[in-house]
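**Q** So the protein lines, in turn, are chains A and B.
Residues in the first sequence are numbered from 77 upward in steps of one, following our numbering.
Residues in the second sequence are numbered from 77 upward in steps of one, following our numbering.
The hints are simulated quantities; they were obtained by calculation from the structure and are not laboratory data.
Fair warning: there could be bad hints in the mix.
For the chain A half of the interface with chain B, some residues (derived, Cβ under 8 Å), not all of them [said to hold, decoys possible]: (1) 91; (2) 93; (3) 140; (4) 150; (5) 178; (6) 182; (7) 195; (8) 197; (9) 198.
In silico BS3-like cross-links for lysine-lysine, where the CA-CA straight-line distance does not exceed 30 Å [claimed, not checked]: (10) B:123 <-> B:174; (11) B:123 <-> B:159; (12) B:159 <-> A:127; (13) A:174 <-> A:123; (14) B:174 <-> B:159; (15) A:118 <-> A:174; (16) A:118 <-> A:159; (17) B:127 <-> A:159; (18) A:127 <-> B:118; (19) B:127 <-> B:159; (20) A:118 <-> B:127; (21) A:174 <-> A:159; (22) B:174 <-> B:118; (23) A:159 <-> A:123; (24) B:127 <-> A:127.
Ideal Cβ placement from N, Cα and C applies to all residues, glycine included.
There are 2 protein chains.
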Amino acid sequence: MIPEGFGDLLSEPLIVHMATVRPDGQLQNNPMLFEWDGERFKMSLTKSRQKYRNLLADPRVAISVTDAANPYRYLELRGAIDKIEDDANNDFLNSCAKRYMGVDEYPYDPPGAERIIVSFVPQAASHQGEPN
Amino acid sequence: MIPEGFGDLLSEPLIVHMATVRPDGQLQNNPMLFEWDGERFKMSLTKSRQKYRNLLADPRVAISVTDAANPYRYLELRGAIDKIEDDANNDFLNSCAKRYMGVDEYPYDPPGAERIIVSFVPQAASHQGEPN
């Protein structure tokens with residue numbers, strides 16, 4: 077499913093943008109940290125955020141990510157969230173913090189934030205630019 | 077509608093990501109060049125691309141853009157494309173090419189590409205991070 081020569085956009089700690097649908101019918105689009113394990117595309121969410129409510133009501137997502145050195149080279153993944161897991165010890169969140177920021181704990185959560193892991197298997201992909 | 081202290085994300089030549097809905101029901105998300113004129117959010121599209129077909133069938137969009145120096149600072153704009161104009165001389169496209177790339181002509185179009193300008197007035201906004 078991942079186009080050949082574009083896997084670097086899934087292994088580097090890049091910010092992706094995640095499209096969802098809001099219950100009011102508007103589309104929503106937000107920057108996200110992610111991890112790709114070779115099969116599933118995983119993201120950390122807080123239960124208090126609108127993004128989470130969107131996904132509970134409508135699991136569709138589309139992910140867009142550009143090459144940090146060349147924004148005209150990009151990868152898009154489409155699908156639907158089919159797994160939601162607790163991240164009770166913030167293990168996943170903090171592994172993202174380590175990879176993205178080089179710190180042991182994600183620094184931006186308010187006290188008491190409840191973290192979950194949402195993930196999906198990409199159903200379609202598109203890309204533009206030269207393979208790596 | 078634009079949150080105070082976040083206008084820099086609309087005046088700098090940043091890549092935004094545009095969420096749309098495909099006729100098959102999947103969401104789509106793509107990097108885009110843009111221009112903000114203080115009222116309307118404008119983007120250049122090619123008539124041959126799926127993004128354009130999506131917008132003809134369903135005008136909803138959501139735009140996400142992050143601060144180049146701090147991806148945890150972002151702006152999101154939601155709305156629906158309500159104006160589609162021809163860009164017959166590529167004037168708008170090439171003004172984007174000048175602003176983003178410092179060149180007089182956008183270098184990536186195939187011969188014969190038909191350019192249009194799609195735009196919307198934001199109906200809702202969200203943001204995160206410190207105002208500038």
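**Q** Now tell me if each hint is right for this structure.
**A** Outcome of the hint check:
{"no.": "1", "hint": "91", "verdict": "4 Å, holds"}
{"no.": "2", "hint": "93", "verdict": "4 Å, holds"}
{"no.": "3", "hint": "140", "verdict": "4 Å, holds"}
{"no.": "4", "hint": "150", "verdict": "5 Å, holds"}
{"no.": "5", "hint": "178", "verdict": "14 Å, violated"}
{"no.": "6", "hint": "182", "verdict": "10 Å, violated"}
{"no.": "7", "hint": "195", "verdict": "16 Å, violated"}
{"no.": "8", "hint": "197", "verdict": "14 Å, violated"}
{"no.": "9", "hint": "198", "verdict": "11 Å, violated"}
{"no.": "10", "hint": "B:123 <-> B:174", "verdict": "22 Å, holds"}
{"no.": "11", "hint": "B:123 <-> B:159", "verdict": "14 Å, holds"}
{"no.": "12", "hint": "B:159 <-> A:127", "verdict": "28 Å, holds"}
{"no.": "13", "hint": "A:174 <-> A:123", "verdict": "22 Å, holds"}
{"no.": "14", "hint": "B:174 <-> B:159", "verdict": "23 Å, holds"}
{"no.": "15", "hint": "A:118 <-> A:174", "verdict": "15 Å, holds"}
{"no.": "16", "hint": "A:118 <-> A:159", "verdict": "9 Å, holds"}
{"no.": "17", "hint": "B:127 <-> A:159", "verdict": "28 Å, holds"}
{"no.": "18", "hint": "A:127 <-> B:118", "verdict": "25 Å, holds"}
{"no.": "19", "hint": "B:127 <-> B:159", "verdict": "15 Å, holds"}
{"no.": "20", "hint": "A:118 <-> B:127", "verdict": "25 Å, holds"}
{"no.": "21", "hint": "A:174 <-> A:159", "verdict": "23 Å, holds"}
{"no.": "22", "hint": "B:174 <-> B:118", "verdict": "15 Å, holds"}
{"no.": "23", "hint": "A:159 <-> A:123", "verdict": "14 Å, holds"}
{"no.": "24", "hint": "B:127 <-> A:127", "verdict": "23 Å, holds"}
Checked against the numbered hints above, the structure breaks hints 5, 6, 7, 8 and 9 and satisfies the rest.
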